[in-house]
Amino acid sequence: MAVPNLFDIFFYIIFQGLPHTLLLTFLGLLGGFVLGIVLALMRVYGSKELQWIASGYEKVMRGIPILVLIYILLFGVPGLFFFIDLRLLPLFSVILALALRSAAYQSQIFRSAILSVNPGQLEAALSIGMSKLQAFRNIIFPQALRLAIPSWSNEYAVVIKDSSFAYGVGIVEITKASYDLGVGFHQLRIITLFVGAFFYLALTYPVTRIIGERQSKKLKNLGMGGG
Amino acid sequence: MLRIHNLYKSYDDLEVLKGISFELARQEVKVIFGPSGSGKSTLLRCINMLDPPDEGEIFLSGQNITASGINLNSVRTKIGMVFQHFNLFSHLKAVDNVSIGLRKVKKLPKEVAQKKALEALDRVRLKDWANHYPAQLSGGQQQRVGIARALAMEPEVILFDEPTSALDPELIGEVLQTMLDLAKSGTTMIVVTHEMGFARAVASEMIYIGDGVVEERGTPQHFFTSPNSDRVKRFLNQLNTLYGTHEQLLQTGDEENYK
Numbered sequence: 002m003a004v005p006n007l008f009d010i011f012f013y014i015i016f017q018g019l020p021h022t023l024l025l026t027f028l029g030l031l032g033g034f035v036l037g038i039v040l041a042l043m044r045v046y047g048s049k050e051l052q053w054i055a056s057g058y059e060k061v062m063r064g065i066p067i068l069v070l071i072y073i074l075l076f077g078v079p080g081l082f083f084f085i086d087l088r089l090l091p092l093f094s095v096i097l098a099l100a101l102r103s104a105a106y107q108s109q110i111f112r113s114a115i116l117s118v119n120p121g122q123l124e125a126a127l128s129i130g131m132s133k134l135q136a137f138r139n140i141i142f143p144q145a146l147r148l149a150i151p152s153w154s155n156e157y158a159v160v161i162k163d164s165s166f167a168y169g170v171g172i173v174e175i176t177k178a179s180y181d182l183g184v185g186f187h188q189l190r191i192i193t194l195f196v197g198a199f200f201y202l203a204l205t206y207p208v209t210r211i212i213g214e215r216q217s218k219k220l221k222n223l224g225m226g227g228g
Numbered sequence: 009m010l011r012i013h014n015l016y017k018s019y020d021d022l023e024v025l026k027g028i029s030f031e032l033a034r035q036e037v038k039v040i041f042g043p044s045g046s047g048k049s050t051l052l053r054c055i056n057m058l059d060p061p062d063e064g065e066i067f068l069s070g071q072n073i074t075a076s077g078i079n080l081n082s083v084r085t086k087i088g089m090v091f092q093h094f095n096l097f098s099h100l101k102a103v104d105n106v107s108i109g110l111r112k113v114k115k116l117p118k119e120v121a122q123k124k125a126l127e128a129l130d131r132v133r134l135k136d137w138a139n140h141y142p143a144q145l146s147g148g149q150q151q152r153v154g155i156a157r158a159l160a161m162e163p164e165v166i167l168f169d170e171p172t173s174a175l176d177p178e179l180i181g182e183v184l185q186t187m188l189d190l191a192k193s194g195t196t197m198i199v200v201t202h203e204m205g206f207a208r209a210v211a212s213e214m215i216y217i218g219d220g221v222v223e224e225r226g227t228p229q230h231f232f233t234s235p236n237s238d239r240v241k242r243f244l245n246q247l248n249t250l251y252g253t254h255e256q257l258l259q260t261g262d263e264e265n266y267k
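These protein sequences, in sequence, are chains H and C.
The numbering used here applies: residue 2 is where the first sequence begins, and numbers increase by one.
The numbering used here applies: residue 9 is where the second sequence begins, and numbers increase by one.
Don't take every hint at face value.
Stated by the list, open to error - Straight-line Cα separation of at most 30 Å, DSBU-like style, residue types lysine-lysine; simulated pairs:
(1) H:K133 - C:K118
(2) H:K49 - H:K60
(3) H:K133 - C:K115
(4) H:K219 - C:K123
(5) C:K135 - H:K218
(6) C:K114 - H:K133
Claimed, not checked - Residues on chain C that point at chain H, a partial pick, calculated with CB under 7 Å:
(7) L58
(8) N81
(9) R84
(10) M89
(11) H93
(12) N95
(13) S98
(14) H99
(15) G109
(16) K112
(17) V113
(18) Y141
What the hints assert, rightly or not - Footprint (simulated), chain C over chain H, 3 or more residues, beta carbon under 8 Å:
(19) 121 to 128
(20) 133 to 141
(21) 214 to 224
Simulated from the structure, these hints should not be mistaken for laboratory data.
All of these numbers come straight from a predicted model, not from anything done at the bench.
Think of the CB as a built atom: it goes at the ideal place given N, C-alpha and C, for glycine as much as any other residue.
Next up, chain H with everything else stripped away, as it sits in the complex (with noise of 0.2 Å):
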């Protein structure tokens, strides 16, 4: 093999790294997204019971490194995923992990952004007749979704570099595919990973500056959270 130039490192990382990372980043996202918000239901509107369990989930989830978290899906309890083809089960395990433990964290998310809806708007919905469950889809819900993008942008930042982790069970994304691709070039791999981690950088920082900081300012000029 020909010593690659930047061209070829840059579509090397496109066409074999970003596919996985994306999928990852997507899936562990949208996973963590449903269950973050069963738990922060569960912790705002739940019984005792159901709100220690949520916090205890949250605390066990956010104890636990991302690898072994990994590698406890992947090999912990053989045969536990049996319904997911062998050859998916990395990738699923990875999935399963990011979204196990950003729930945790979107849980908190959620959780602070339902607490932070002005509580007499919950009264005014009551009191022209909605019920309470008409009142949070409704009032408290989309606000409190619009007061999360903040801070679940930041969330997004964290997973999409925690799914670098998915190479320690051999998942070609963005850091393996860096990696490996300077494994044979000795010379090159100082700029391999460099151009790994500028894709990382790329693909974050756009998201949390233009996401994060519009939507704050806009929040600010709709008058919502904190008062």
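Guided by the hints, dock chain C onto chain H, whose structure is given.
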């Protein structure tokens, strides 16, 4: 139309309402006043069952709404509420604040709800502001949207919980004017307020609540000429010194009060 019988309400060890009873006829405007902490707001919150009373009964058009098994959501569509701090839905434009109840609770089609919401906004003279978000409106305008939101549901009675006490002085007039217009058009209202000028102009009866009981009741005429209790006298004097009576507003009572 609304009959309140012997209401009691406590929070933990604090007894806030100690047996309050009164009746409200259709198209009547009742003003409730009294020192802070005397239970006025709690009384309103009991009447629309946001905080159900511990004891006592409330009958709305003959129906006992304090009975168990009552669908509170449908009861609340018949009792409008205007809040001290407006409590508008921040993520919705003025018109959507007003129409959302019509759409989600009364299940009206979107166009009908929109039309009715604009009519309600027109009654509080805010039609031109329909597409503004609450944060883009002044306090007085926000409160008028709050009034329109209650009005649009066509409730049998509207409760006002100190509707002007969170407003800057120069914005009070427009809200009082809106309320005067409503009162004159026959809206049944219970108003907790210290705006004695408003009370004098439209109240059919005033109720002074002190320490959770009805201490004195009577016409505005009675209160402003010969109140029985010394406490009431002193309280009215204090109000007069502090706030004045908005005499001017009530004498002109026209477009000038809307900016």
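Do the hints match the structure? See the list:
1. H:K133 - C:K118: Measuring from Cα to Cα gives roughly 22 Å; hence the hint holds.
2. H:K49 - H:K60: Distance ~16 Å between H:K49 and H:K60 Cα, so the pair holds.
3. H:K133 - C:K115: Within the cut-off at roughly 16 Å; holds.
4. H:K219 - C:K123: With Cα atoms ~28 Å apart, H:K219 and C:K123 stay inside 30 Å; holds.
5. C:K135 - H:K218: holds (27 Å)
6. C:K114 - H:K133: holds (15 Å)
7. L58: holds (6 Å)
8. N81: holds (5 Å)
9. R84: holds (5 Å)
10. M89: Hint holds; C:M89 Cβ to chain H Cβ min 4 Å, cut 7 Å.
11. H93: With a closest approach of 6 Å, the C:H93 hint holds.
12. N95: holds (4 Å)
13. S98: holds (5 Å)
14. H99: This hint holds: C:H99 lies near chain H, its Cβ roughly 5 Å from the closest one there, short of 7 Å.
15. G109: This interface hint holds because 4 Å falls under the 7 Å limit.
16. K112: holds (6 Å)
17. V113: Interface hint status for C:V113: holds (4 Å vs cutoff 7 Å).
18. Y141: holds (6 Å)
19. 121 to 128: Coverage by chain C holds for the segment 121 to 128 of chain H (7 residues, Cβ < 8 Å).
20. 133 to 141: Contact hint for the segment 133 to 141 of chain H vs chain C: holds, 3 residues under 8 Å.
21. 214 to 224: holds (count 3)
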